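Could you put the whole structure together from the sequences, leaning on the hints where they help?
Protein chains in written order, with my numbering: chain Y, 1 to 118; chain P, 1 to 597.
Think of the hints as simulated: they come from the structure by calculation, not from any bench. Treat the hints with care, since some could be wrong.
[As the list claims (entries may be wrong)] Derived coverage of chain P by chain Y (criterion: at least 3 residues anywhere in the stretch with Cβ under 8 Å from a Cβ of chain Y; other residues may be distant): (1) 501-515; (2) 564-573.
[What the hints assert, rightly or not] Derived CB-CB ranges, DEER-like: (3) P/Trp584 with Y/Asp34: 30 to 40 Å; (4) P/Ser199 with Y/Gly89: 53 to 63 Å; (5) P/Tyr518 with Y/Asp34: 14 to 24 Å; (6) P/Asn474 with Y/Asp34: 17 to 27 Å; (7) Y/Ser109 with P/Pro155: 40 to 50 Å; (8) P/Asn474 with Y/Ala15: 42 to 52 Å; (9) P/Arg219 with Y/Ala15: 32 to 42 Å; (10) P/Tyr518 with Y/Asn56: 25 to 35 Å; (11) P/Ala213 with Y/Ser109: 36 to 46 Å; (12) Y/Asp34 with P/Ala481: 16 to 26 Å; (13) P/Trp584 with Y/Arg41: 33 to 43 Å; (14) Y/Gly25 with P/Ala213: 46 to 56 Å; (15) P/Arg161 with Y/Gly25: 29 to 39 Å; (16) Y/Asp34 with P/Val46: 47 to 57 Å.
It should be emphasised that the depicted structure is a prediction, and the values quoted were computed from it without experimental measurement. Note that beta-carbon positions come from the ideal geometry of N, C-alpha and C, so glycine has one too.
Spelled out, the chains give:
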Amino acid sequence: MKNGGLSIDIDRTRAGNVCIVTLAGRIDSSNAKDVLAELTRLMDSGETSLLVDLGNVLYLTSAAFRVLLVATDEAERRAIRFALCSLAGHVLELFEMGGLVDVFAIHHSREDALKQLS
Amino acid sequence: MTHTSDVIQAVDERPPRSASQDPVRAGAKLTGARRPANLAYGLDEVPPPSALVLNGLQHVGLVTIYLVYPLLVFRAAGVPIDVTAGLMSTGMIVLAVATFLQAKRLGPVGSGFMCPSTFTASYIGPSLLAAKAGGLPLVFGMTIFAGLLEAVLAPMLNRLRAILPPEVSGLVIFVIGLSGGIAGLRTLFGPQAEPVLPSEWCVGLLTLGVMVALNVWGRGAARMFCALIGLVIGYVAAAIAGLVDASAISVVVAAPWFGVPKLHFSWSFDLALVAPFAIASVAATMKAAGAITVCQRMNDAAWVRTDMKSVTRGVLADGVSTALAGAVGAVGTNAATSSVGLAAATGVASRSVAYAVAAILLVLGFLPKLPALLGVMPRLVIVAALLFAVSFIMINGLQIMMSRLLDARRTLIIALSLTCGMAIEVFPWISTATPVPLAWFVGSSLVLATATALVLNLLFRIGVRKTATFTVKNGEIEPEAVERFFQAQGATWGARPDVVKRATYGTIQLIDAIAADYLHDGPITIEMRFDEFNLDVRVTYRGEQLTCPERRPSLAEIRESEAGARLLAGFILRRNADRVRTEWKDGRACVQFHFDH
Numbered sequence: 001m002k003n004g005g006l007s008i009d010i011d012r013t014r015a016g017n018v019c020i021v022t023l024a025g026r027i028d029s030s031n032a033k034d035v036l037a038e039l040t041r042l043m044d045s046g047e048t049s050l051l052v053d054l055g056n057v058l059y060l061t062s063a064a065f066r067v068l069l070v071a072t073d074e075a076e077r078r079a080i081r082f083a084l085c086s087l088a089g090h091v092l093e094l095f096e097m098g099g100l101v102d103v104f105a106i107h108h109s110r111e112d113a114l115k116q117l118s
Numbered sequence: 001m002t003h004t005s006d007v008i009q010a011v012d013e014r015p016p017r018s019a020s021q022d023p024v025r026a027g028a029k030l031t032g033a034r035r036p037a038n039l040a041y042g043l044d045e046v047p048p049p050s051a052l053v054l055n056g057l058q059h060v061g062l063v064t065i066y067l068v069y070p071l072l073v074f075r076a077a078g079v080p081i082d083v084t085a086g087l088m089s090t091g092m093i094v095l096a097v098a099t100f101l102q103a104k105r106l107g108p109v110g111s112g113f114m115c116p117s118t119f120t121a122s123y124i125g126p127s128l129l130a131a132k133a134g135g136l137p138l139v140f141g142m143t144i145f146a147g148l149l150e151a152v153l154a155p156m157l158n159r160l161r162a163i164l165p166p167e168v169s170g171l172v173i174f175v176i177g178l179s180g181g182i183a184g185l186r187t188l189f190g191p192q193a194e195p196v197l198p199s200e201w202c203v204g205l206l207t208l209g210v211m212v213a214l215n216v217w218g219r220g221a222a223r224m225f226c227a228l229i230g231l232v233i234g235y236v237a238a239a240i241a242g243l244v245d246a247s248a249i250s251v252v253v254a255a256p257w258f259g260v261p262k263l264h265f266s267w268s269f270d271l272a273l274v275a276p277f278a279i280a281s282v283a284a285t286m287k288a289a290g291a292i293t294v295c296q297r298m299n300d301a302a303w304v305r306t307d308m309k310s311v312t313r314g315v316l317a318d319g320v321s322t323a324l325a326g327a328v329g330a331v332g333t334n335a336a337t338s339s340v341g342l343a344a345a346t347g348v349a350s351r352s353v354a355y356a357v358a359a360i361l362l363v364l365g366f367l368p369k370l371p372a373l374l375g376v377m378p379r380l381v382i383v384a385a386l387l388f389a390v391s392f393i394m395i396n397g398l399q400i401m402m403s404r405l406l407d408a409r410r411t412l413i414i415a416l417s418l419t420c421g422m423a424i425e426v427f428p429w430i431s432t433a434t435p436v437p438l439a440w441f442v443g444s445s446l447v448l449a450t451a452t453a454l455v456l457n458l459l460f461r462i463g464v465r466k467t468a469t470f471t472v473k474n475g476e477i478e479p480e481a482v483e484r485f486f487q488a489q490g491a492t493w494g495a496r497p498d499v500v501k502r503a504t505y506g507t508i509q510l511i512d513a514i515a516a517d518y519l520h521d522g523p524i525t526i527e528m529r530f531d532e533f534n535l536d537v538r539v540t541y542r543g544e545q546l547t548c549p550e551r552r553p554s555l556a557e558i559r560e561s562e563a564g565a566r567l568l569a570g571f572i573l574r575r576n577a578d579r580v581r582t583e584w585k586d587g588r589a590c591v592q593f594h595f596d597h
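Shown next as structure tokens:
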């Protein structure tokens with residue numbers, strides 16, 4: 001869609017050995033590549049545990065699902081722990097509609113995820 | 001133009017990795033369903049025998065409260081106590097069969113869910129009319145008619161939506177509760193009723209008081225069984241106050257411990273009662289459909305919207321059960337929403353529990369002492385239980401009515417219909433002064449209120465269809481602008497926000513999927529059409545047609561190419577809308593989404 005990734009914010013924080021990537025806004029074909037680039041950069045920098053927080057995401061299109069699948073596959077190949085958290089409401093419904101809930105490691109909340117990943 | 005095959009086998013290359021959700025599947029009957037984590041026992045899981053029996057007894061306790069409905073009808077028909085006891089036994093066996101039919105899935109009948117059956121307030125008003133007009137044969141004959149009608153309506157449920165919008169169905173349910181309560185009070189205060197004794201007043205108030213107190217301030221089991229506890233306390237108080245006469249006690253004493261109930265094969269039919277029974281049947285249909293929908297949601301964490309196949313099967317089972325009830329000598333049955341609520345509260349949704357409920361009811365049907373005890377229940381205890389039960393029905397109706405924004409059309413439908421219905425209760429002589437066949441519609445408050453609402457609803461449909469168009473220029477695609485268009489139109493038309501949200505997402509997902517490679521020159525046109533029951537979105541553009549497969553592409557396909565992601569988009573679009581249609585002609589592609597509203 002609109003170029004330049006204006007409809008998404010990507011934020012990074014750290015909790016112990018887990019790098020948390022917080023996405024906020026709309027993830028579609030215009031900015032999905034930015035998300036993948038950021039996740040790939042973090043993997044290249046030697047991160048061992050990546051947690052993607054989707055709590056502030058309004059919606060994802062199929063382009064975003066593709067990026068998350070590619071990142072999951074890449075993380076598995078490099079033996080990096082990769083998980084998603086805080087899927088709620090419409091976003092969770094979209095994962096369910098796409099038949100993709102069981103495909104990812106999904107945690108209810110950031111706290112739950114950190115307990116598992118730490 | 002051809003693209004990838006429409007049907008792509010979805011095969012996961014690796015085992016499920018969800019950390020927080022157990023990927024246990026709910027079995028072949030619920031293909032694709034995901035077992036909710038909060039269920040203690042899912043649909044296909046079998047609890048240990050002790051849990052099975054205890055859960056079965058809980059449901060039977062709930063179901064037996066509603067035995068007051070047939071009791072009231074048999075009293076109105078002047079049936080002797082010993083015959084009433086026999087009919088109550090038959091009723092329990094009918095409920096056993098109905099519960100089994102709903103759970104088992106035989107041919108096209110049965111939803112496969114744990115959704116026990118019970119007697120319903122929907123048939124109280126019409127059955128009392130039939131009992132007065134033609135005794136038990138007319139009650140049973142008309143019950144068969146109502147059951148068959150429900151079975152016929154089952155496959156037509158989707159089309160009924162336009163005729164029965166929430167304001168009409170809510171009104172019908174509200175008036176069923178109100179007229180049921182008034183019918184109960186008429187047995188106490190009607191022209192032919194015996195005066196109510198002071199001791200009866202005390203018993204009635206105590207019964208209702210216990211039910212209300214436990215329901216409002218009680219916790220756990222006390223709250224769950226408030227009606228049953230109230231019935232027992234009221235019954236004991238009535239016995240102490242000397243309101244259970246000796247002849248009634250002798251009937252209970254004389255009843256054997258074991259006996260086969262006599263079935264009642266005697267039916268008649270009266271055209272004048274078609275309207276009230278038909279309306280009650282429609283109300284029972286809606287209640288059964290609602291109960292099955294709740295079962296679907298309870299058993300599937302991935303539930304998105306109602307699966308009409310299992311609803312149709314469930315309503316068919318409900319109709320067959322009611323027809324069977326009339327055939328052997330019982331009043332109309334219906335899916336027990338209170339039991340479904342209990343299953344949700346306890347997290348025990350196992351089909352095996354339904355079989356346990358059916359088995360317990362079957363055994364009770366062959367123990368004549370219990371139905372005899374129910375048969376001699378004092379009238380004030382019955383009416384107290386009835387008033388308690390119909391309170392929840394009335395509020396359920398109100399909630400359904402209020403689920404929509406009440407514009408001028410809906411306000412007038414509800415208010416005028418309710419006033420007409422209540423006029424029959426206040427001025428019952430209206431019906432005697434009205435010529436046949438119009439008298440059929442003014443014979444009861446339920447019929448007149450429903451008929452008025454149906455006519456006004458059809459009349460007010462004139463001029464409700466609205467259309468709006470939005471054009472997206474190629475190269476200037478902004479999802480925020482599309483969102484604003486849908487939100488503004490949805491608010492202007494009073495469309496449900498959740499449906500507008502789905503339509504918005506579907507359109508944005510479509511545009512996102514076609515924007516890169518499938519869109520040629522020219523703008524994208526979005527046409528939104530709304531008529532209260534349908535929201536249709538038509539997106540046209542110059543370019544290639546998007547495929548909407550029925551199965552999800554494999555994970556490898558999605559990962560490896562944009563084409564795979566596009567197929568995923570098509571798959572999501574198909575699941576997001578209630579219907580999707582794609583066309584391609586002369587270089588222009590058209591995608592139409594339909595959403596039930």
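Hints and how they fare:
no., hint, result
1, 501-515, "holds (count 8)"
2, 564-573, "holds (count 7)"
3, P/Trp584 with Y/Asp34: 30 to 40 Å, "33 Å, holds"
4, P/Ser199 with Y/Gly89: 53 to 63 Å, "56 Å, holds"
5, P/Tyr518 with Y/Asp34: 14 to 24 Å, "22 Å, holds"
6, P/Asn474 with Y/Asp34: 17 to 27 Å, "23 Å, holds"
7, Y/Ser109 with P/Pro155: 40 to 50 Å, "44 Å, holds"
8, P/Asn474 with Y/Ala15: 42 to 52 Å, "44 Å, holds"
9, P/Arg219 with Y/Ala15: 32 to 42 Å, "40 Å, holds"
10, P/Tyr518 with Y/Asn56: 25 to 35 Å, "30 Å, holds"
11, P/Ala213 with Y/Ser109: 36 to 46 Å, "39 Å, holds"
12, Y/Asp34 with P/Ala481: 16 to 26 Å, "21 Å, holds"
13, P/Trp584 with Y/Arg41: 33 to 43 Å, "41 Å, holds"
14, Y/Gly25 with P/Ala213: 46 to 56 Å, "52 Å, holds"
15, P/Arg161 with Y/Gly25: 29 to 39 Å, "36 Å, holds"
16, Y/Asp34 with P/Val46: 47 to 57 Å, "50 Å, holds"
Checked against the numbered hints given earlier, this structure breaks none of them.
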